[in-house]
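Visitor: Kindly produce the complete structure, drawing on both the sequences and the hints.
Here the protein sequences line up with chains A and B, keeping their order.
Following my numbering, the numbering of the first sequence begins with 1 at its first residue and continues without gaps.
Following my numbering, the numbering of the second sequence begins with 1 at its first residue and continues without gaps.
There may be inaccurate statements among the hints.
What the hints assert, rightly or not - Straight line, CA to CA, 25 Å or less: simulated SDA-like cross-link-like pairs of lysine to any residue:
| no. | chain 1 | residue 1 | chain 2 | residue 2 |
| --- | --- | --- | --- | --- |
| 1 | B | K183 | A | P136 |
| 2 | B | K93 | A | L71 |
| 3 | B | K183 | B | G158 |
Quick caveat, the hints were computed from the structure, so don't treat them as lab data.
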Amino acid sequence: MDFWEYLGNRHEQLLMDAWQHASAVFQCMVLATVIGVLIGVATYHSGWASGLATTGTSVILTIPSLALIGLLVPMVGLGVPPTVVALTLYGLLPIVRNCVVGLRGVDPSLVDAAKGIGMSRLARLVRVELPLAWPPILTGIRVSTQMLMGIAAIAAYASGPGLGNEIFRGLGSLGSSNALNQVLAGTLGIIVLALLFDAAYVLVGRLTIPRGIRA
Amino acid sequence: MSDDPRSPGRPGTSTDTEPEDTSGGTPGDTSAEDTEMAETRPAAARPPRVTWRKLTLLPAVLVVLLLVTWLWFRQADLDAISRNALSGGQVAKALRQHVELTVISTFFVLVIAIPLGVLLTRPAFRRAGPVAMAFANTGQATPAIGLLSLLVIWLGTGRTAALVGIIAYAVLPVLSNTIAGLKANDPTLLEAARGIGMSPAGVLTRVELPLAVPLILAGVRTALVLNVGTATLATFGGGGGLGVLITTGITNQRMPVLVLGSILTVALALLVDWLASLAEVLLRPRGLEAGA
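Guide: As structure tokens, then:
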């Protein structure tokens, strides 16, 4: 069976896996973005705290994904929970770091002006500082997403959802005529998803980056 | 970080996926102590490159982690399957294989990526640069496990396929780092070097490469940390390593085996990152430091 025939025969299963892969990565990215921006907002004022946040998240990133998933299995079991926890943790670093860098990079005179026209602390943050820091945060989200695509594939070994299952099925049936098709379908599927997400972020950037600071 | 004024504004000295803080567990220590010293000491006296805390904290944490694991294992009630998976020096063998995979692959990554990066920034090949970068970016989207599986199907199971996969996966980030770093060198310095009559080879070996040392070291660190991680996947292609313990633990549902494999991998990754961060600080040319 050649690759195209394989795709034709299995397209339902493959689309299902691709959908689950994309949805797992997307949901974890939303979670990681919310947590990451909160950590960034909470720590950017103090050099010490933001150093701690960046170091903490970068230590997580140093831990190999298979090992982290391995440590999570005894705690939360197999399947979706370790996948979600691992993906969210790995997604944090680029977002926290870029959020801190972005918020620090906001021109203090602008914040001062916002204070001068009577904006509250919260309004300054939501209407001035975060919109100005949004481009670097969005870059962090893009970097995280690319990374999570690959890590989600590994999470399939702990019975996680997604296209990684296709790859592991292929590895499990090495030597059979379908092994190459399965691995190829899983790998190419993840690359296509990663590129689609990247294109979507370019679009999101066009729509959400304030007109005044667009390059 | 704080004693290198070039690094913040310099693209590519660390990849986006690479831990940026060199201390791996000592938050903000260098910056805090450096500024303190800058205030209390005359400008001529340089702060020490390696602070005491940086030197001791991570090893201490690792020792505690391994000690706790060992104590837990002494009292743990292991059944026959777990004992089988851990007996007869298999843990030591997995650890040794893992270190070998990491060291060999890192060596080849550097030997391939850094000269290639130098080549792609030479005028003759400069046009190929963007193409290589675009290729590298697409390559980043390839999942490591998929790449490794394809290589296993192509080359057969065993260590070769695992090594090729690990190397291929780490070449791209180190390559793009090297290119970005060499491009960020101040063109006026290169102009000056050419102006005093240096040959292109002289400019490269005596100006560009020394200036690129921090970047090359960052590349070494990136490659090492990435490779420790990718080497855990070698087990899926029969390449051995600590991943064997993790996968055995998951498939047989034996948590002690799984946890031991995971903890050893984490400890190895943190240790390697710490060693590389020390090398980064110690080997940086004195001339690139603040105040020099």
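Visitor: Each hint should be assessed against the structure and marked as holding or not.
Guide: Here is what the structure says about each hint:
1. Between K183 (chain B) and P136 (chain A), the direct Cα distance comes to roughly 22 Å. Compliance with the 25 Å bound is thereby established for this hinted pair.
2. Only pairs whose Cα atoms come within 25 Å are accepted, and K93 (chain B) paired with L71 (chain A) is accepted, the gap being roughly 21 Å.
3. A distance of roughly 39 Å separates the Cα atoms of K183 (chain B) and G158 (chain B); the hinted pair therefore is violated under the 25 Å criterion.
Hint 3 from the list above is the single one not met by this structure.
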